[in-house]
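Q: Protein chains in written order, with the working numbering: chain S, 7 to 256; chain B, 7 to 256; chain U, 7 to 256; chain C, 7 to 256.
These are computed hints drawn from the structure, not numbers from a lab. Among the hints, a few may not be true.
All copies of an identical chain are treated as equivalent in the list; a pair is satisfied when it fits inside any one copy or across any two copies.
Okay, derived cross-link-like pairs now, DSSO-like style, lysine-lysine, Cα gap no bigger than 30 Å in a straight line [as the list claims (entries may be wrong)]:
| # | residue 1 | residue 2 |
| --- | --- | --- |
| 1 | K212 | K230 |
| 2 | K122 | K212 |
| 3 | K231 | K12 |
| 4 | K12 | K122 |
This is what each chain is made of:
Number of protein chains: 4
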Amino acid sequence: MYAIVKYTSKPVMKDPWFIEALPGIGNVGKIAGDCLAQSLGAERFAIVYSENFPPQVIPDQDCVVHMACNELWHAKTPSGRDIIFLRGDFQGSTPEGQFFLAQDIMDVLLAFGVSKIITLGGYGTGQVSKDLHVFGAVSRIELKKELEKAGVTFNPGQPAAGIVGAAGALIGLGQMNGIDSFCLMGETSGYFADSRSALNVISVLKKILKLRKVDTKALSEEAKKLDELMNQAAQQAEPPQERDELSYIG
Amino acid sequence: MYAIVKYTSKPVMKDPWFIEALPGIGNVGKIAGDCLAQSLGAERFAIVYSENFPPQVIPDQDCVVHMACNELWHAKTPSGRDIIFLRGDFQGSTPEGQFFLAQDIMDVLLAFGVSKIITLGGYGTGQVSKDLHVFGAVSRIELKKELEKAGVTFNPGQPAAGIVGAAGALIGLGQMNGIDSFCLMGETSGYFADSRSALNVISVLKKILKLRKVDTKALSEEAKKLDELMNQAAQQAEPPQERDELSYIG
Amino acid sequence: MYAIVKYTSKPVMKDPWFIEALPGIGNVGKIAGDCLAQSLGAERFAIVYSENFPPQVIPDQDCVVHMACNELWHAKTPSGRDIIFLRGDFQGSTPEGQFFLAQDIMDVLLAFGVSKIITLGGYGTGQVSKDLHVFGAVSRIELKKELEKAGVTFNPGQPAAGIVGAAGALIGLGQMNGIDSFCLMGETSGYFADSRSALNVISVLKKILKLRKVDTKALSEEAKKLDELMNQAAQQAEPPQERDELSYIG
Amino acid sequence: MYAIVKYTSKPVMKDPWFIEALPGIGNVGKIAGDCLAQSLGAERFAIVYSENFPPQVIPDQDCVVHMACNELWHAKTPSGRDIIFLRGDFQGSTPEGQFFLAQDIMDVLLAFGVSKIITLGGYGTGQVSKDLHVFGAVSRIELKKELEKAGVTFNPGQPAAGIVGAAGALIGLGQMNGIDSFCLMGETSGYFADSRSALNVISVLKKILKLRKVDTKALSEEAKKLDELMNQAAQQAEPPQERDELSYIG
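Looking at chain S on its own, in the form it has when it is part of the complex (with noise of 0.2 Å):
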């Protein structure tokens, strides 16, 4: 209840959709609307400040620091769709503060007149695997049509531990006030930030969005590069056979 949020503009926006895209597992959700917000061209407009938020400061490159915070940035699609990206390197630092967090997102959200609120996260297997499915939650069934079109997986019931943070609050938080809200959750191991399972995230909003096109030029890369070492890593795990059926010669 103690955020403050510091608009730097007032953009106009007409029933804006929203994309949460915080840290959490595999850091899934935050490359995906990372990636989106910069191919949109998008702007910040506010500064959400909280003592939720860890008592803390990051220096960036030219060493000037930053307070802990989240971040709105507005973009507007080719089509003309206004979106609000929540981003940032931080969640609250307490579960009541994450719930004090996204009551405070809210309560901005509603005063824009959101019309869609859309989660972005990870789905957490740890096993490394190359088919990495979009699964998603929905505020209610009617939604699931229309997310499967667009290759969304449900998994019945899952995951089963829910869904945690920002991503679960906000959904949620969406659902109590009667606007269409869905998770979307990047398959992924959970062991490092993922980005061939935020590609896919983004492949899924490319759709959602009726986007044409978004720059993962820079993200493509890195999934190629994380592919390569995955390749090498399960090659140099794999019994060397031959030597195993000498051993059974000798």
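Add chains B, U and C to chain S, keeping to what the hints say.
A: Showing chains B, U and C alone in chain S's frame:
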């Protein structure tokens, strides 16, 4: 102090009794209370949201999310007794939060003129045993006689570690408000969701509520499976005597 | 700030002294204070409930529950000195909670015109020893002389880790309010409920309160048993010399 | 939000500078700030009590207790610059508590018309090294040039984990209030109270504050002892080469 109680209906009740059935040791209280509520055809009339719950949503089998919450359900026994059930998958995420929630619930109960407070829980022994008592604790000594008739055992000064969470706070707040309150604790190892222990609690509740019948079919089947599993485990754990004897000969 | 002080009576007192006797290191403070209160025929006049205690009830020997709380007891010494005891089984469940509780208690004490604040505690050494000092810390240096006469030892800068919880907060708040305050800490290993250490604290309190007699019979018997146990343990721990010598021969 | 600022005097100041010197990594900030305050003949003018500190008193060499607190000290440099020091043995006991305290302090500073905020801390490397930099982080990029002249090193994006606690929160709040703010971090292993690192920070502060002389005699002696200890440790850790060679021959 932050709870929002969202009423979906306002049932008319006369001096209702209250049954708390939230998760806890061996999940005994939740299993017993949920089974009884279902058998009595209880209907949900209010949802309790609060920052004291984790910032979390849970997807159901349709992948529709549900905000972490507690729910109030209303049932009428065949003999006309109104009952309010407190049900849910969560307790408060901090000690203070559990206190705040209990106070919020108590406020609701007082407004409905609650005349008896029954909290359900498990009595963890750390041991798997066949005979499972239902232990009790009361807000005033005069309540013991009736409970003993219903099959409740009173173990002086036990549980020594106290009764914690909603089951403890609500009986305590009940006592402070001069309402007859008691806690029924199903004896359980505490190692798994204990349907056998829950059946014992239901058997006591049946007498206390003067119910002719409670539909425990599903629960009894689960308990039977549990019994079989435990018998198997016990047999495997027993020393295979014959073999041992043979090994002495050999 | 949430405490409810429930008065069961409002004793008239003149400049009462206050003795804090809550659980802590070696439980020395609680044991000493409870014994003294009992010996003086103290009567409970108020119960302090608070969300800062754990959400918990404790069943007594009758299985009647008692909400986690602190209690205020009143006694009059033979020479007419009013004494308020703070007794109970709990301290606040968080650092802030302990602070809030201490402030709530202090408000009550100020309302009663408290003229001296004595907090009791243990001084943990981690070592079992025979000579157990009673160490002191004071709100102003002038208080030391009288305490030294009563047998209190002052160990400069000790305990270096400070005095925490109610014993620390209440002497600190006493000091801030200009009331003569001191803490008596019975030396103890800290490994068990230390009745011997409590007896030493009582012996100091007896002199400070100018009491002719304190009934410590039960406590002395416990201390004797403890001494015997410790002697036995010491003998078993000692190297059995003769045997060792024999083993060298063999 | 609960702090009580108890003024023992209200010094008149003109656009004072502020120096934070609380405990932290290698205790560098506290050691440096305390030494400078002493050398400038600073006088305490306010004590900050708060529930956000631990519920604790600390006995001094006279066994007189001191409530956990922070203190504000005032000094005037020979050239007439007013300086407010924040000194003490404690930081807030929770992240939120640290935030609340920083805000309380900032309110005091704003009331005094503070014109510069300097926070001191350690820059932990986990390695014992001989050359210890003083690293910096600033509220706006223009401040770097002057600090570099005073010997401060700027390490882009470092410390990557951010600056936490009072040193971080106060520079952040300073920045939010449009006050020139920077943090000086003495490089340190972080394994012990680092007087050498503190001397380096003082050397930078001397230039920034245009001081002819700071009395660092006691600190220098400590640093010398530390150097000797470290040299001894280094010699013992070095592989005894000759012996090794001999063992190859033998």
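Q: If the cutoff is 30 Å on CA atoms, where do K122 and K212 land: within, between, both or neither? Let me know, please.
A: Answer is within: at 15 Å inside a copy they meet the 30 Å cutoff, but 48 Å across does not.
Q: Can you give me the call for K12 and K122, within, between, both or neither, at a CA distance of at most 30 Å?
A: both (23 Å within a copy, 23 Å between copies)
Q: At most 30 Å between alpha carbons: which applies to K231 and K12, within, between, both or neither?
A: neither (39 Å within a copy, 50 Å between copies)
Q: When Cα atoms must be at most 30 Å apart, do K212 and K230 count as within-copy, between-copy, both, or neither?
A: within (20 Å within a copy, 52 Å between copies)
Consistency with the previously given hints fails for number 3 only.
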